[in-house]
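> Model the full structure from these sequences, guided by the hints.
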Amino acid sequence: MVGSNHFSIDKESDSFKRSFRKLYKSTAVGLKESLINQLDAVISGLAVEQRPTSSRQEPCPKKITLPPLCEFRKLEFTISSGAAGQIRLMYLINLDLRIIKPLFVYSHKQFAKRPSDSEIQDFMRAAFEEE
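Here the sequence shown stands for residues 1 to 131, numbered as in this note's numbering.
Read the hints as simulated data drawn from the structure, not as lab findings.
There's no promise every hint is true.
Said to hold, decoys possible - Just the calculated beta-carbon pair ranges, DEER-fashion: (1) R21 - K113: 19 to 29 Å; (2) E129 - V29: 32 to 42 Å; (3) K63 - S34: 19 to 29 Å; (4) K17 - P67: 33 to 43 Å; (5) L97 - Q57: 28 to 38 Å.
Unchecked claim - Cross-link-like lysine-lysine pairs, in silico, PhoX-like; alpha carbons within 25 Å at most: (6) K109 - K32; (7) K74 - K17; (8) K22 - K32.
C-beta atoms are modelled at their ideal positions from N, C-alpha and C, and glycine is treated no differently.
Pasting the structure below:
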């Protein structure tokens, strides 16, 4: 598409798949379908709007340096009230290659603020190795 603002979505990150399985397992039965549908909609929406208002740039752990033209962001959305329904998606934007790479998804119940820097380092390194 000439002049398109769309980015490609890379859903193949192993760390993303593992984090989704953990989140799905911990999600209440009645909310599992909502989690899947909303997460799919949020990720699909990133192809069009890479920096929605519900997202913000996140600091990288000290031992990680992003490649040029890359951003590390966290997006928040809600599937229900309470900490278990507050979902966070960490992702990379590669502006040069026009790719969105989901890295990690979790609930506020799993991590009140965010995963530890060592966990973030692990999933970011794994994502860079997969490229």
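> If a hint holds in the structure, say so; if it does not, say that too.
Hint check:
no.	hint	in the structure
1	R21 - K113: 19 to 29 Å	holds, 22 Å
2	E129 - V29: 32 to 42 Å	holds, 35 Å
3	K63 - S34: 19 to 29 Å	violated, 36 Å
4	K17 - P67: 33 to 43 Å	violated, 22 Å
5	L97 - Q57: 28 to 38 Å	violated, 19 Å
6	K109 - K32	holds, 15 Å
7	K74 - K17	holds, 17 Å
8	K22 - K32	holds, 12 Å
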